[in-house]
Amino acid sequence: MTTTTLAVLVPLLPFLGAAVGLLLGRTAPGFVRPLAVLPTLTAFALAVLVAVRQGGDRPVNAATELTPTGSIPIELALHIDGFAALVAVLVGLVATCVQIYSTGYLRDDPRYPSYAALVSLFTSAMLLVVYSGDLMVLLVGWEIMGICSYFLVGHYWETPEARAASLKAFLVTKLGDVPFLIGLFALAADAGSFRITRILSTVADGGLDHPTLVALLLLSGVAGKSAQFPLHTWLPDAMAGPTPVSALIHAATMVAAGVYFVARLLPVFAASSAALVVLAVMAAVTMAGSALAALAQDDIKRVLAYSTIGQLGYMTGALAVGDRGAAVFHLLSHGAFKALLFLAAGVIIHAAGTNSLAAMSRMSNLRARVPDAYWTMTIALLALAAIPPFSGFFSKESVLGAAEHAATGHAEPIPGAAGWTVLVAGLLTALLTAAYATRLWLLAFCGKGAEAPDHGRQPRTMTLVLWVLAVPSLAFGALAYGTLPDWFDGDDLAPTLTTSVLGTGAALAGGLLTYTAWRYTSAMAVRVPLGAVAAHPEGDAATVEAEAIASHAPAYGGTASAPDPADPARLLLGPLHRHAAVGFHLDAVYSALFVRPVQAGASLVRFLDREVVDTYVHGAGALPRLLGAAVRRAQTGNVQTYVSALLAGTVVLVVAVLVVATGA
Amino acid sequence: MHIAYPVVLSSLLFCTGLYGVLARRNAILVLMSVELMLNAVNLNLVAFDVWLTKAAEETLHSGQALTLFTITIAAAEIGIGLAIVLAVHRNRGTADIDKLRDTAEGHETDGPGGPDEATVTTEPAAGQTEKAEATA
Chain A
21 MTTTTLAVLV PLLPFLGAAV GLLLGRTAPG FVRPLAVLPT LTAFALAVLV
71 AVRQGGDRPV NAATELTPTG SIPIELALHI DGFAALVAVL VGLVATCVQI
121 YSTGYLRDDP RYPSYAALVS LFTSAMLLVV YSGDLMVLLV GWEIMGICSY
171 FLVGHYWETP EARAASLKAF LVTKLGDVPF LIGLFALAAD AGSFRITRIL
221 STVADGGLDH PTLVALLLLS GVAGKSAQFP LHTWLPDAMA GPTPVSALIH
271 AATMVAAGVY FVARLLPVFA ASSAALVVLA VMAAVTMAGS ALAALAQDDI
321 KRVLAYSTIG QLGYMTGALA VGDRGAAVFH LLSHGAFKAL LFLAAGVIIH
371 AAGTNSLAAM SRMSNLRARV PDAYWTMTIA LLALAAIPPF SGFFSKESVL
421 GAAEHAATGH AEPIPGAAGW TVLVAGLLTA LLTAAYATRL WLLAFCGKGA
471 EAPDHGRQPR TMTLVLWVLA VPSLAFGALA YGTLPDWFDG DDLAPTLTTS
521 VLGTGAALAG GLLTYTAWRY TSAMAVRVPL GAVAAHPEGD AATVEAEAIA
571 SHAPAYGGTA SAPDPADPAR LLLGPLHRHA AVGFHLDAVY SALFVRPVQA
621 GASLVRFLDR EVVDTYVHGA GALPRLLGAA VRRAQTGNVQ TYVSALLAGT
671 VVLVVAVLVV ATGA
Chain B
350 MHIAYPVVLS SLLFCTGLYG VLARRNAILV LMSVELMLNA VNLNLVAFDV
400 WLTKAAEETL HSGQALTLFT ITIAAAEIGI GLAIVLAVHR NRGTADIDKL
450 RDTAEGHETD GPGGPDEATV TTEPAAGQTE KAEATA
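Those protein sequence lines, which keep their order, are chains A and B.
Residue 21 is where the first sequence starts when you use our numbering, and the numbers rise one by one after that.
Residue 350 is where the second sequence starts when you use our numbering, and the numbers rise one by one after that.
So here's chain A without its partners, still in its complex pose (with noise of 0.2 Å):
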């Protein structure tokens, strides 16, 4: 089979998996976990082939007409260059691992087949964006994607709280996508077509007319998908939903999509500095404060959601700096670090019976119950605070060192001061990011109290993964920086001196400033007892997590923060704590700014429809009601009343006719 051939088949699998799993869910329940896994299974072997034999050569291209438009017409187009074959291994990867761990987290689930066929569909989306070359296309993977991270958030519709998260993560990024669609019109009347490398070609000749309208158009979309400022506050709540459908969609793959899209049509965006000075403040904003973030939530996936906005927010910022080599290094690492955190996280809240940190540093013994996730976890928090020679260190290091580049100012034309920002915010969050994974860390395995709940062994489908996934977070980093460059733009991606001594040290000092004030603050754990566990230990994991979220709110009194004063990050944050666990109040001025207008023009709307329409058809209807209540009263049912009205009338008519006659 040529290669092409292949290409088109590792999309299309899924989807076909996905159809034949929606159609066949209820009538032959045996066939849903063979359906879900194997179509996913061959598509992740198939993109391996499909990079093997692409090699990070010329791209693969094809196209073909799909419909004649009358003036840009829509091509099904393939464009497979290095980038594109790689996040197509990594997308088949975490997806393979997430249906393989769903088995056994949804297990008892009854809603299992359609969770799914969704997850398929899905994953045959983001690898349709992944390889698509035509920009429509693009965006058609690009929505279905959002369709089906709406539906998978609110799996556990029961619960208002993923009701509410659904619909949140649903209308802000098709706030963003609104704009996006402006602006792939507004790309494409430029350049003429929707095929990417005829736009990229377009690029370099100078022939875009407005770069920066375009470019700023295409980030707000960009934003919304990858959960960049200000359009990031529906990831931390999406995670309502299920744990592997946060460890696919929210860390690995759909957030991941804005920042690839980004990387692929970068010449368009590096043909505006202002833009690119957006995108530079935009991942500072959104790394530094995600970090603080993170550092005081409580329940242990919004730590992660967090992250994963921070680490996005890298990858954004090597944009920024004009180095997609090192943005897509880091998609990649993090894609493998971030499923695993979340993964694992998966175990421990089944094990642990609660998603709360401020409860399960009171369980004592947590990490002898389940050995596999705290081995796999600790690996990848090391590979999230870029500790050497984890995976996360070398694609974080090639970031800053893109980011010092360009800050010194020999990546022309990039502007120095996105350089700059970046730099300095990268750092900063460095020593964040490696602060929150130590107080998540200590917080979940170091704690002191009553004997973590017995809850079983885990199913060796969950820890299996663990351990798959544990090994790229391990060593994807080390190995692949010396060779990636062939795949990318050549650009070098071995640490430089400077950053890594600066990265590294800020991690350190991040780590250790954790677990000083973790020594201090531990002590105070034991005389304020806090903690509430699902009431079903012995359900599945998905019963377990569900529960778990539901009670969130009513045992600590919020989704984000828990009063306990035992937290190392209240010592670090201070009074910044308060702000920081609601995400700097960002919820609370979005409600004021669109919330609270919409809902007060919906009353309006809805006074107007009550009080003023209803008026004149309950009118309308009230008039012929009185007259018909007058006329009923001389219904009496007496047949001798009615004959004498009629004489009555025939009298009155006849005296009136006589009177018209005689003319008087």
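For the record, the hints were derived by calculation from the structure and aren't laboratory data.
There could be a bad hint or two in this list.
Unchecked claim - Per label pair, the in silico range of CB-to-CB distance: (1) B/431 with A/676: 35 to 41 Å; (2) B/403 with A/655: 44 to 50 Å; (3) A/652 with B/415: 37 to 43 Å; (4) B/427 with A/638: 50 to 56 Å; (5) A/644 with B/427: 36 to 42 Å; (6) A/644 with B/352: 46 to 52 Å; (7) B/451 with A/680: 36 to 42 Å.
Stated by the list, open to error - Calculated from the model, a selection of chain B residues having no Cβ within reach of chain A, i.e. all distances over 10 Å: (8) 408; (9) 419; (10) 452.
What the hints assert, rightly or not - If you want a taste of the chain A side facing chain B, the calculated C-beta under 10 Å gives, among others: (11) 84; (12) 655; (13) 656; (14) 657; (15) 659; (16) 660; (17) 661; (18) 663; (19) 664; (20) 667.
Ideal Cβ placement from N, Cα and C applies to all residues, glycine included.
Given the coordinates of chain A, work out where chain B should sit on it, guided by the hints.
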């Protein structure tokens, strides 16, 4: 004979019948009054027929023919009417027209038995429709 005599007689008959229909309570008497009115009309028909044929060259005596029709129909009508009265009397034990007010609107209690029951059974239904309107 002058046309005034039969016309005056027939209007007297008609007025008597009309008074009976409007004022009598007994259904049979009402029916008899209806017959009086019909016969007043018949009298008119015959009288005017004779009066008009005096002047005409040729005539079909349509007034007299129509009278035959009226008599036939009156016979059929009184048969059915008496049967209904009989049935009502068997059912209700009375043929008093004032007490036969089932077609009345509203909740007036006009007599024992049927009307009361009818209002009782219709009342909850009316309540239900009002409720349905309120919730709709």
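- May I ask you to test the hint 50 to 56 Å on the CB atoms belonging to residue 427 of chain B and residue 638 of chain A? 51 Å, holds
- Task: Under 10 Å, Cβ to Cβ, is where residue 664 of chain A needs to be relative to chain B, so tell me if that hint holds or is violated.
- Result: 5 Å, holds
- Task: Double-check residue 657 of chain A for me: the hint is only fine if its C-beta lies closer than 10 Å to a C-beta in chain B.
- Result: 3 Å, holds
- Do residue 644 of chain A and residue 427 of chain B keep their Cβ atoms within the hinted range of 36 to 42 Å? At roughly 41 Å between Cβ atoms, residue 427 of chain B and residue 644 of chain A fall inside 36 to 42 Å, so the hint holds.
- Message: Interface hint check: residue 84 of chain A, Cβ to nearest Cβ on chain B, cutoff 10 Å. Holds or violated?
- Response: 55 Å, violated
- Item | Interface hint outcome for residue 656 of chain A [beta carbon to chain B under 10 Å] | 5 Å, holds
- At the C-beta level, are residue 652 of chain A and residue 415 of chain B separated by a distance inside 37 to 43 Å? Since the Cβ atoms of residue 652 of chain A and residue 415 of chain B sit about 39 Å apart, the hinted range of 37 to 43 Å holds.
- Query: Once the shortest beta carbon distance from residue 659 of chain A to chain B is found, is it less than 10 Å?
  - Reply: 6 Å, holds
- Query: Can we keep the residue 660 of chain A interface hint, with Cβ of chain B closer than 10 Å?
  - Reply: 5 Å, holds
- Query: So the hint says 36 to 42 Å: do the beta-carbon atoms of residue 451 of chain B and residue 680 of chain A match that?
  - Reply: 40 Å, holds
- Can residue 663 of chain A be said to touch chain B, with a Cβ gap under 10 Å? 6 Å, holds
- Query: Should the hint that residue 655 of chain A touches chain B count as held when the rule is a Cβ pair under 10 Å?
  - Reply: 4 Å, holds
Comparing the model with each numbered hint stated earlier shows that hints 10 and 11 do not hold.
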